[in-house]
Amino acid sequence: MVIVGGLVTLLIVELKSETTRYNNILQGPVQDADAARRIQLDFKKQVQEWKDILLRGHNPDDLAKYTRQFHEQEGNVKTETQTMAGTVQDPAIKLLPNDFLAADDKLSASYQSAYCVYVKEKFDFKSADKLVRGQDRPPTDLFDKVVAELNARVVTLTAAQHAATLRQLKILLIVVGALLVLDSYVYCSVLLGVLRRLAQLKGVSDRLARADIEGLSIDISGNDEIGEIGESMKGVAAAIEELLAIPSH
Amino acid sequence: MGIKLKSRYEEVGKELGPQGRMKLAMLTKISSVKAAELEDSPENLRLVDEAIDQLRKGL
Numbered sequence: 001m002v003i004v005g006g007l008v009t010l011l012i013v014e015l016k017s018e019t020t021r022y023n024n025i026l027q028g029p030v031q032d033a034d035a036a037r038r039i040q041l042d043f044k045k046q047v048q049e050w051k052d053i054l055l056r057g058h059n060p061d062d063l064a065k066y067t068r069q070f071h072e073q074e075g076n077v078k079t080e081t082q083t084m085a086g087t088v089q090d091p092a093i094k095l096l097p098n099d100f101l102a103a104d105d106k107l108s109a110s111y112q113s114a115y116c117v118y119v120k121e122k123f124d125f126k127s128a129d130k131l132v133r134g135q136d137r138p139p140t141d142l143f144d145k146v147v148a149e150l151n152a153r154v155v156t157l158t159a160a161q162h163a164a165t166l167r168q169l170k171i172l173l174i175v176v177g178a179l180l181v182l183d184s185y186v187y188c189s190v191l192l193g194v195l196r197r198l199a200q201l202k203g204v205s206d207r208l209a210r211a212d213i214e215g216l217s218i219d220i221s222g223n224d225e226i227g228e229i230g231e232s233m234k235g236v237a238a239a240i241e242e243l244l245a246i247p248s249h
Numbered sequence: 001m002g003i004k005l006k007s008r009y010e011e012v013g014k015e016l017g018p019q020g021r022m023k024l025a026m027l028t029k030i031s032s033v034k035a036a037e038l039e040d041s042p043e044n045l046r047l048v049d050e051a052i053d054q055l056r057k058g059l
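If you're matching them up, the sequences are chains A and B in order.
For the first sequence, position 57 (counting from the first letter as 1) is numbered 57 according to the working numbering, and the numbering increases by one without interruption.
For the second sequence, position 21 (counting from the first letter as 1) is numbered 21 according to the working numbering, and the numbering increases by one without interruption.
Isolated chain B, as found in the complex (with noise of 0.2 Å):
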């Protein structure tokens, strides 16, 4: 299931902290618990890894 996409997650909470993650999950439309759900497929592994630039971006 989505390892790699929860994983994001994590990693983004470690670094931009809560509202990181919120703002992750506002931008991809998919929370954590649902993206432990979903499948790690390249489409959804760019969906959020874009998300994740973005928010890098805006920092």
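Next comes chain A alone, as it looks inside the complex (with noise of 0.2 Å):
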């Protein structure tokens, strides 16, 4: 009882640790690969309203729409980014979103020299679109790398985690297994034991059903109910000696 009880309770403990370490790949490597995602999504979108106003605001109401979903994408983008390098752990990954920022406050500087040109020439998105052309592919490529890198981290934790997870289920077979062949043995000792006195108290009480007594030793002791039916047998043994010794008259 003892040993399921322990058994159990490292069980519960390891169950417990196991859902920590996961948690902890959950909400701190994962977590990063996926705002690092959303912020890689943002990115291209706030991109996208780029071409939007050069392609499709020509007019002022289209321009101003065009122009605050461009900026609300930017803000977005850097928003998220900033959040991003302030929670990433890992040394290897962490210098990159300010690297990223760093690229992405030059282009935006060449977003606003190209939009004063686009207005300036009245949406000549040819003068414009030649000022920031290629621009977007540096900060792009930096944050292709972030997110690459983070997937990366997440699939190496995940996987020895895994291999982790494996071992100490190895080890709980092995000792749930040592367990089992150790609770047959005394199962089957135990069950030996006890057979082997059954027979011994058979051959007893063969013997007495035949008052065969001459050189009778009756050595069936303990502390159960089988060591007791023995005791009364020496009785019952003795009480037959006793009758074969009275004289007949």
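Since the hints were derived computationally from the structure, they do not count as laboratory data.
In this text, all values refer to a predicted model and were calculated from it rather than measured experimentally.
Every residue gets a Cβ at the ideal spot worked out from N, C-alpha and C, and that includes glycine.
Certain hints may be false.
Stated by the list, open to error - Sample of chain A residues at the chain B side, in silico, Cβ under 7 Å:
1. Lys234
2. Gly235
3. Ala239
4. Glu242
5. Leu243
With the hints as a guide, dock the two chains, each given alone in a separate frame, to form the complex.
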């Protein structure tokens, strides 16, 4: 009972620590990777909003609409990246969001210059586009690298945790197997002991039934019911011996 | 050897008959044959005397 109780406690503790380790992965690297993918998507939307300004912002209303949407996306990207830069723990990745922010600031400045040209030149998208063409590539590449690094980290940590779980499972199976073997051994030993003593009891009983007490030795001891029957049989054997010893008249 | 013990069985035989001797043997788990082979130790004598008391009370 004590061993089984200990094993159950060990299982609960192991399960709890296993859950904690998986939670740490989920709350750390997995959340970072999710945030990075959101920023990556928002940045692509920001670039798309810029293209909308150039292609569809030919009247003041549309220009105002697409400019607002562009700045919204731009703000989202910056805010989310700043948050991520503060939460990422991995030193290999920690500096990349800041590098991206610097590249994004540079791109924003280029967008602003191109926007001024676009408005000044009466919606001449070719002149504006010329000023920013290809400039979204460095921050895009940089952030693709952030996402790839974070994804790789998640994969590595998950694989390591999975391997650790398998290792613990193997140890647990070995312990449970050993306990089962030990339990079976104890059970068989007790069962064989009981069967052996019952066989002795039957032998004594058979001899008493025939009043065959010559050289009968009753050696069935113990503090259980079989021992008590053995003790009673000693009395019966003594009574039969006495009966045989009483001279008949 | 167990002279006193053996004599106890004979006394019980006279007093209570063969049934009494059998009951004495059953209570002590010792027959008169075995009792004759045992020592007349205080423990053995006490065991037999207690059984005899029990038999007498039973009557």
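How the hints compare with the structure:
A least Cβ separation of about 4 Å between Lys234(A) and chain B falls short of the 7 Å threshold, and the interface hint therefore holds. A cut of 7 Å between beta carbons decides the hint on Gly235(A): the least distance to chain B is about 4 Å, and the hint holds. Because the closest C-beta pair between Ala239(A) and chain B is about 4 Å apart, less than 7 Å, the hint holds. For Glu242(A), the shortest C-beta to C-beta distance to chain B is roughly 4 Å, which falls under 7 Å, so the interface hint holds.
The beta carbon of Leu243(A) comes within 6 Å of a beta carbon in chain B, closer than 7 Å, and the hint placing it at the interface holds.
Consistency note: the structure conflicts with none of the earlier hints.
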